[in-house]
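So the sequence lines, in the order shown, correspond to chains C and F. The opening residue of the first sequence carries number 1 in this note's numbering; numbering runs sequentially from there. The opening residue of the second sequence carries number 395 in this note's numbering; numbering runs sequentially from there.
Simulated from the structure, these hints should not be mistaken for lab results. All values reported here derive from a predicted model rather than from experimental measurement. Misleading hints may appear alongside valid ones.
[Said to hold, decoys possible] The calculated DSS-like cross-link candidates involving lysine-lysine, where the alpha carbons are at most 27 Å apart (straight line), are:
#1 C:K345 with C:K324
#2 C:K33 with F:K436
#3 F:K436 with F:K548
#4 C:K324 with F:K557
#5 F:K436 with F:K499
#6 F:K546 with F:K499
#7 F:K546 with F:K462
#8 C:K324 with F:K462
#9 F:K499 with F:K557
[Claimed, not checked] From chain F, some residues computed to sit far from chain C (all C-beta separations above 12 Å):
#10 V433
#11 S434
#12 T438
#13 D443
#14 N450
#15 H483
#16 P493
#17 A520
Glycine residues also receive a C-beta, built at the ideal position from the N, C-alpha and C atoms.
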Amino acid sequence: MTAAAYFVLLERWIAAWVQDRRGPNRVGIPLTKVRLFGLGQPLADGLKFIFKEEFTPAHVNRGLFVLAPIAILAAALAVFAVIPFGSVIPGETIRGWLGEESDRPIELIAAPGVNVALLYVFALSSIGVYGVILGGWASNNKYSFLGMLRSSAQLIAYEIPLGLGILGVVAATGSLELDVIIEQQAQTGVWFAFAQPLGLIVFVVAAFAEAARLPFDLPEAEQELIGGYHTEYAGMKLLLFLVAEFLHMITAAFLIVILFAGGWHFWGLTDPGFWGVSEVNWPIALARIAVLMTKIFLVILFFMMVRWSWPRFRFDQLMNLAWKVMLPLGMVNLVAVAVFEELRKSFEVSDWLLVPMAWAVCLAGWLAVAYAAPLTSDNRPRRGLQPYRVDTQI
Amino acid sequence: MKSQDPAIRWVDEPKLGLAGKMYLPLFLQGLTVTTKHLVSPKVTVSYPDQEPQIDNPLIYRGVHRLNKDAQGRVKCVACFLCATACPAHCIDIVGVESPWPDREKYPESFTIDELRCIFCGMCEEACPVDAIELTSLYNLTGRSREEMVFDKEKLLSVYEATKDAEPMASVRHGLPTPSSEGTGAPQSAAPPQASPVLQGDVHTHSH
């Protein structure tokens, strides 16, 4: 959560810099002139949020109203239980509480060895939708309700391409465990970003939509709406919603890096053989953590730059993109991965040879989508358009 | 909408090419624009640490001043045009009969409520004798409302403080002042910011 607070600061900096402003750079150590480039800002913001009046409107369903932010934040935080923060650190000889001794390498993960980690991540991120639905419903306000419908439609629609994007990775590794997925990429040296570019595109787009980031931030659309499902929320409860949204973004960054960008792997640098040792020692463990964190930071930076780079999709375009572009592309990716796996296993085709083929599939899929152009629907008045024949589809 | 109306000129959207349909040019364009701005120099002025650079102090609309003529008298002739033009009604003038032969009236008191003023500059435009002008002083602060009501002495002192950096419009443009009428040839048009010349001009008229 502290990371989320500082990512808010980073987000504000990026927002400011992109707009040729300086961003928050004043808040430092209180009662001194030390400014620390504004690093005190998240602390000040948090304190402000805590001391704000937590107003609950009289017309809400109080139980659900309180439950919604808790649900969404708990789900967003619980995801991190199975996400590795590095690979392993060398084990010390530890005496367990039953007297047994162990010197196994320690995995940098809150719940190691969960072999359905990806399923767990998915289950919990789907619970995030419940937070949205509960929040909108409990507010007992038709605008919150409409915002809730809009958001949940978007979140549910993009779960499918998200799953399809992951399925390719799962098919290629045969495991739902995040450690194993990273391990395989580290062994072959071919990140899935290279081997499955189409899967990466589908997954990244879906992850943006799931995290409700621009250009898919219709749930909030802060420039246009007063808020979506969380219109009636204030103070700490609102903060929980916003933090949960940021955590979704961080989770998405972790997943993108782990599934498609090799996790902690970087050619040579994180390889024990490269340094002439047989096991992972401290410097390599730290290097792996550094590599993973750098990648995640870069992905988050990309998230924040994207926010200012492209305009928001219209809602019909959003839905068209999910159902008419991302879903078929995800299917194509899955089929391609299945074929490639068969080629690799039965015909011993090398990984590096499959990469250009995968890119060819990606290009072909993209071209097909571009020619079909399901997104270029236009609801503006045109010549020859009869009013009674106007497409009322949303 | 009546699509048959001949008055409507229909403009078709340009057709998207293949690259446009693939979203790639948009993608690259957006990212290059934001990345360029991410590293470009920032325009924000860190105010208390750094004073803002006022491009042209002569047209900036800050605190008012009451100009003095060559003899050091207030130039105002108490015609009330500024008070009439003022949309915020922040100018209060008490005009009395002038002791000088060149004008009928002069302001016994001249107060501007700087808190009511919206700094629109209409008083400056309305003034027929260039007596009231807006300076480039922007950091106007005070500890009470009363302190922010500027009287004639205060406004004249603003003139003393700013006359060198920002000469009067009439001086800048070399216009004859009412008191100098008939005293000699029209002055040569001085360049807008050449203050040494303007100093000389002012002194030639002092008796």
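Item checked: Hint check against the structure, violated hint numbers in rising order -> Violated hints: 1, 3, 4, 5, 8, 10, 11, 12 and 13; rest satisfied.
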